[in-house]
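Could you put together the complete structure from these sequences and hints?
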Amino acid sequence: MSFNKPKFAHPRLPKNEAGYTRKYYEGSLSTLCAGCGHDSISAAIVDACFEMNIEPHKVAKLSGIGCSSKTPAYYLSNSHGFNSVHGRMPSVTTGANLANRSLTYLGVSGDGDTASIGMGQFIHAVRRNLNMTYIVMNNGCYGLTKGQDSATADYGSVSKSGHMNTFEGIDLCALAIQLGATYVAQSFSGDKHQLIPLIKGALAHSGFSFINVVSPCVTFNNNQGSTKSYDYVREHNEAVSSLDFVPVKEEISASYEHSVVTPIEMHDGSVMQFHKLSPKWNPEDKLSVLSALITAKDKFEILTGLLYFDKESKELHEMLNTTDTPLNQLTEKELNPGNEILSKINASHR
Amino acid sequence: MGRTCDRPCEPACRRGRVEEEPVAICRLKRVAADFKDDITHLLPDIPKIKNGKKIALIGGGPASLTVARDLAPLGYEIHLYDNHNKGGGMMRSQIPAFRLPAEVLDQEVNYVLDMDIVTHFNTYVKSLASVLDQGYDAVFVGTGAPKGKNLEIPGRNEGGSNIHIGIEWLASVAFEHTSSIGKRVIVLGGGNTAMDCCRTSRRLGGEDVKVVVRSPFSEMKASPWEKEDAMHEDIPILDNHVPKSFVVENGRLQGMMFEKVQAVYKDGKRKLVPTGEAEVFIPADDVIIAVGQENKFEWIERDLGVEFDKWDMPVINSTSFASTRPGVFFGGDAALGPKNVITAVAQGHQAAVSIDLYCNGQDVNDRPAPNVKLFSTKMGIHEWSYDNDVTVDQRYIVPQADKSITLRDRKKEVELGFDLKTAFKEAQRCLNCDVQTVFTEINCIECDACMDICPTNCITFTQNEDDENDLRMKLLVPAINNTQDILVSDSLKTGRVMVKDEDMCLHCGLCAERCPTSAWDMKQFTYNTAKAGSLSFV
Amino acid sequence: MHGVNDFVVKFANVNGTGSASANFLFAKAIFRMGVPVSAKNIFPSNIQGLPTWYEVRVSEKGYLGRKEGIDLMVSVNPQSFKSDIASVKSGGYFLYDSTKKLHEEFLREDIHFIGIPLMELCNEAFTDPRQKQLFKNIVYVGALAKLLNLDLTTIEGLFAEQFKGKEKLIIPNMKALKLGSDYVESHFSYPLEFYVEKRDLTKNKIMIDGNAAAALGAVYGGATVVSWYPITPSTSLVSSFEKYAQKMRLDPVTGKNNYSVVQAEDELAAIGMAIGANWNGARSFTATSGAGISLMNEFLGLAFYSEIPLVLVDVQRGGPSTGMPTRTQQSDLTTCAYASHGDTKHVMLFPSTPNECFHMMADAFDYTEMLQTPVIVMSDLDLGMNDHVTDPFIWDDNRKFKRGKVLSSEQLNTMTNWGRYLDVDGDGVPYRTIPGTHPTKGSYFTRGSSHDEYARYSEDSDTYKRIVDRIAVKFETAKKIIPGPELFQTSDTSDKALLFFGTTTDSALEAIDTLRNDGFSIDGIRIKSFPFSSEVDHFIQSHKEVYVVEQNKFGQMRSLLINELNIDPHKLISVVHYDGTPITAESIISQVHKHVFLPTN
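Chains as they are written, first to last, in the working numbering: chain A, 863 to 1212; chain B, 1316 to 1853; chain C, 2 to 602.
In case anyone wonders, no lab produced these hints; they're calculated from the structure. From a predicted model like this one, the values you see are computed outputs, not experimental measurements. Nothing false has been slipped in among the hints.
As a list, the in silico DSSO-like pairs of lysine-lysine whose alpha-carbon atoms are at most 27 Å apart:
1) K1206/A / K257/C
2) K1693/B / K869/A
3) K1176/A / K248/C
4) K1808/B / K1161/A
5) K920/A / K406/C
6) K1206/A / K248/C
7) K1206/A / K204/C
8) K346/C / K481/C
Below you can see the structure in the form of structure tokens.
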């Protein structure tokens, strides 16, 4: 490759409370197609982590296989990363999380990686309420194998080659809500203003946070007739809520006048200022959210914003009653019962 | 030649914004000059048959030589007058050989003189009228600022034989009339001439050489590198010392008395206030006064139509360099007061344009436009026709000859210049100002890829603001350098605008690289100043 | 008949009737009387209603492999009467529930029939239908006790242990035991010509199944994250782990768990979780069988290539495909040795006793972290699910976990050129870091795609080769770490040898003894691990013929030996047994004889 990302940073780049500049949260240069929506999501992740003062080494970033799953290389280069196998990111993340509950787990996946080959692992991670942020970079097609329809391609969407999809698309948000995800959001890669606070909220949430981000594939699915193109999504985007994320320790400044603002206190003490744009629907009521999603679909609208939130979320470790110390930090002292107990066990087998 | 330039370009270099030091443009020019092959075939052909116009150049320094270089290829018959026996002017008489070796100067001067220039050396022009009488179509005055300022304080006359005027003394050394100086030398003044004087003194037998200057060190006029070079040669610089008197005993100079002062700033103006301490005596065998220089125009008759202002300086148009008398042009230090060589060259070019216009019966104020071109550098994916691999790389240091050698030989050049390898590395520090980021609104799909990728965060997509300052402050990194324009696009599809702050742009091309629709392009910009003769091609 | 302390009793039951615990009671009683015993459950892939068998071999000589020929068949399952009766050796006994008369067509002239009205006795003594069913089993144990001279107090003692805390259950159990015993006393002559006599031969031994032992080994080895998907016969390993952990792994202050067990959605997820946990610095394992291994292939390749520790227990069963889920085989050797696509290889350990299950399991965590590659513990159904007489477990309290090359924050501070896949020590094992260790150093990107020494993606051919070649070096290092073979040689070294591993060991050793007693000189070697050490190579090279004993059809161990050690295939003679039951010494001997006496040109 004849181009590299210069190491230069703007000399006046501000530092966050953790003492790092935004640049410190970046990764290596993307090898995705120019203009890929995934790159915008990567950038939103960088912004969210920077603004939340997250220490990069306290984050583990994981992925499966596919265009989306390449992205962890493009953000948080000072975090450990794991590019696992196709559709299996949830299980690797589950194991990693069990080993150390004190880190932040950020998994990214694509529509193929989640809704097809990885559907099994995805839904089980959801129902276990694994404490992780799960972002699907959803472009409705298989980019790496040159643009086949994926399981989230909408019925009637026309591919670049002119072929119309005749199968029903899987609505990942509706699915996640049904299976018990405790934080479900939908957004668009081209709207960082909305996406960044959603990622921040997801990272702060204790439990399974799911964000489905419609992310146009500029090479294979940004054509006329596609329902996941920049133009289509911009025209059909129906923001149902907006969100201000207020980190721990910061003053909350209410800025909304015309509609209901709900402050939601997060597990870590931070607060989400939740700004609801529709009176017909309650983000803490699954039924109303699911009905809103179905209605929107009929109207060819894409509902975006924080769709569902469960304040009572109990994450996997709480259900397993795991000890507070990360399991990977326990030593012989805590783990090995010793020979005396062993001789008692021997005695019981004589 | 890359040796004596005052480097006005380097402070503008963007490398100096992202790192501390700009690209060593001046020294890279020297590399080009040092390593050149025979270039004579590249020089313009000089018409054997002249165009019938005769031009007189008074003074053989950089300004006149530039006029000669621009006009000779157009067929002008050029007559150059100088009181010395060689061309070069102050470059020869005032810049010491250890900074600018005579052979380098000779070569450069001869490139011009060999353009069929009729030289009148050892000719001191005493009267402009007499020149005008000879029927020249135009006269160019490039006589510089040949008079060193004196310092009329007590003891000046008594100690006269050991008190020298800087530029005169330098010229006397250059033309080998002077070859020694006392062991203890005081150089008065804080400009580059003072630096040349003190360093020359070290080479002529001065062992205890000091520079004594009125102003604080940081405000001295000398280029920082000149000061460094002097100090490197064990020459202390004593600042905040105002000369009070020369101490002369038994008709022999013993030294000088100085008053210690400090700088006080009020309403943006500096004032040197005595500290009240007792005057300081600094012993010296010789004192060199290098406190400035001025023009000398007693040879120009005041009835020729060349107007002079209240400071007895000719009234000159700063664009055309025409005087108030048609056909008489000025340039270099003679025009707008003492500056530096590169300014003299620039003024010479402009004067040449004016002379050419004048001789063709055109209005000298109707200047030809520069030649500008803009073309894409994109060759393919990840491939650009310029080197865009921007790396963090500090400015390379130009090696110097050992002091033990240079101090013994006045003509031994101190700076050795870059070798080719280092020069190449230094050149790679260039951030390609010539390759511009060009944004085409209609192509943009607002995927934000350029904003995300920019290593220095200089691209922002945002809602426009009525007040530019408000807009500047809401960029990803606020654009606080108001001397640098920001690029604001037209309104895009979503109603936002693209704003680019050029201040820290590396011209790495990543925005264009990551742009799916070629809304960004990296375009090479060429700019050629209009030179004399451009008219013929319009 | 053999007489004292040398016979085989086989039980034929219906699955789901609680017979297994009664049968184990019988075997355990013999073990308590100081006589070596082996008990093998032969059960169907079914919860209720299909035939199930339980074989108990009593051997004063300590031969604990399975033995052919049934001396006494206890049948409480009319479904299998015909074959059960046929399987009794001539002169043997057939004990059955005579509540219903035995059909004449089943009768055999050459064996003895002992009819005891088990159901009738229970119906008279108990009222609860479930109890009637369960105690029928205890009644026949009581009858056997009388027939075979078992000590009733020993059995009573076992009841006392079994029902500790539920003492009221001891009385009905003793009642049922007495019913059987009394019935024999009043109806038959006893003991039979073969019976049990007290000895002191099992002193200091314990009786436990391999899965429980391995589970305990995992507790002692420091496993904290266990993920699994239920599959026979590995299921009981994880349930045993959970049972032990619930007792031994609670935080003394908070009572919270110093472990976690997650039942995954499938084997893919199970191994994925174990890999994720090991990557993140916890000791983690998963256990599986049969199809589970096939499903885990992809992830094994990832762990191999990205060099993540992983302990995997394969409790082998009869394959291929679903195969015989409740029968035993050693038929996953080649698939485990080279599991996953591309050039892969994995470390395998072959325990042959529950004691080894315990130690090898604990050691496996050290090995996998020292080598940064998966270690597969190759157990099987026979070892894992049957109770075996084995040496007791001993743990050195000074022993520390060997975590291998894991860099601490302090070490990272002193390093200038760390690369995740740099071979610093020349042993092929690089240094790894755990997420969260250091704020600015040691982060890297784990991937299953080709990478360079600094974990960066690379498709460069030379780089790819360098990494793969270096990983191969690890397997040379492995040979120095993992256990070498156990040799069984007489002073006059034979030019023939038996090679065996895992659960063929008992029968192989018995076969060697028998052959030697018959004047046939033969050596033995027990393989404990893969890749094979030079000792294995040397042993095989120094023998003319090596009989490779294994429980699969195609001679998988033989293939591995040929492949890995470049051995002349003619030298290795397959001795295989693959019907799903454990191999017997008789089978080994007859196959050796067949080869030895084969006419040669």
